[in-house]
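Trainee: Chain by chain, the residues run as shown.
There are 2 protein chains.
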Amino acid sequence: MYKIAIIGYGNLGFHLVNHLSEAGHIITQVFTRDKSKTRISKYKIDFIDDLNLLNSDADVYFIPVKDDALNEVARLLSLRGKIVAHCSASVEMTVLKNSTENFGVFYPLQTFSREVEVDFKNIPILIEGVNKKTISVLKEIASSLSDEVIEVNQQQRLAVHVAAVFANNFSNYLFSVAEEILKKENISYKILLPLIEETVRKVKEHAPSKSQTGPAKREDDKTIQKHLKFLSNKKELKNLYSIITEQIKSKK
Amino acid sequence: MYKIAIIGYGNLGFHLVNHLSEAGHIITQVFTRDKSKTRISKYKIDFIDDLNLLNSDADVYFIPVKDDALNEVARLLSLRGKIVAHCSASVEMTVLKNSTENFGVFYPLQTFSREVEVDFKNIPILIEGVNKKTISVLKEIASSLSDEVIEVNQQQRLAVHVAAVFANNFSNYLFSVAEEILKKENISYKILLPLIEETVRKVKEHAPSKSQTGPAKREDDKTIQKHLKFLSNKKELKNLYSIITEQIKSKK
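For the record, the sequence lines run as chains A and B. With the first letter of the first sequence counted as 1, position 131 gets the number 261 in the numbering used here; the numbers rise by one all the way through. With the first letter of the second sequence counted as 1, position 108 gets the number 238 in the numbering used here; the numbers rise by one all the way through.
In case anyone wonders, no lab produced these hints; they're calculated from the structure. These numbers were taken from a predicted model, which means no experiment stands behind them. Be a bit skeptical, because a hint or two may be false.
Same chains, same names: a pair is fine if it fits in one copy or spans any two.
In the BS3-like style, the derived pairs of lysine-lysine whose C-alpha atoms are separated by at most 25 Å in a straight line are [unchecked claim]:
#, residue 1, residue 2
1, K379, K368
2, K314, K340
3, K340, K196
4, K320, K332
5, K263, K227
6, K196, K356
7, K364, K340
8, K251, K313
9, K379, K364
10, K251, K133
11, K334, K251
12, K165, K262
13, K133, K165
14, K263, K251
The whole structure should be built from the sequences, with the hints applied where relevant.
Mentor: Structure follows, in structure tokens:
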């Protein structure tokens, strides 16, 4: 059990407060800029809206704030001896080096919505730390939430974030391209849901590199030409189609 | 109940035979090139390996063969008065016009693996037909398998296929890009599965165009630059990252 302060109460902050409490940790304080807008947790929380009110009761300070705000928050924190971790995918941990000698990263690899309950047990948590003590404490806390705790270095964490952008943000963009194409023909994108679910089901069983299908994979140029003709007045999408098709072909 | 012959016994043919039988239809004959290699269905089937042996007992003839084989098969069929439908995503139905006056398309929108049992009830089936009789019979058979039967025209079916390539084949390719990036850092792509599942869960609730997230969407150029630098010695992936990022930005 650790005493933990949470600096930032966005989607991730909100879920951290709840899940860390459930896991038996004590949340000493939660910083949020506008207390009046704060969604109330089921746990009794000491909210503060001024970082000067942050006390030294906690062992560990988490900073789940937007990347842009990290520098500013770090500049205001003086927490010698404490463990301080940000929760960002791609910001160097050294952003915290003036706040404490025990700085690190606590990065849960998931996209959080405030309304949607998450099962932290399955969410990989990536840990980075400047020294053994920091890594050990962050790992212990992560393990109290999740079964998937991974110690990484800066390069690996960046790799995971880039990979996540391809697998999550960019695949969502492809879904929205499909939505756009179907909308023009008065068809709901929802007819694609069983296919999308099957794509994901397969990825759970086999590496995606092994389960590629489609016209590009089988070099079905007749179909590819039909598709490019269909997209001929959507220049951007035609371009995207060509590029991904060429890349799939080149992997054969 | 219809009497149905199935010409082609690949993954789709196999599942059609089983599910049409379960739905109460009678499978009169199944054509497959190599009977010895044929996986036995739990239903007793009259297999033929020569199209000259195809008899006229059936009301409806389905042709679930590869696009390339369709022309050749169609050329060999003379089925005046019968309803004949191919199962292809992007081939014109007129490929069958010399085989019968009642030609059409019966296209289940799903990717089929032989080993994986499918729930046909949720699979959209796209129907196209040259005349009302053909459409009506194909719709009736489709409705006996699925709750999602949609009558389309050639342009709509092509749109659905292009959309499916983006949503299924291309998103799988993005997953394999993620796999490649992580592999180089000795991390399994499986750590992305909870994120991928959450992406899909969201798409079930909200249109993908409404749930775009990530550095491109929030125009977080600092992170984008870090990612491009990370990809600087992977020219193809860097190019793909840039193009999708620009397209997401331009949709704002």
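Trainee: Honestly, which of those hints from before does the structure not fit?
Mentor: 12
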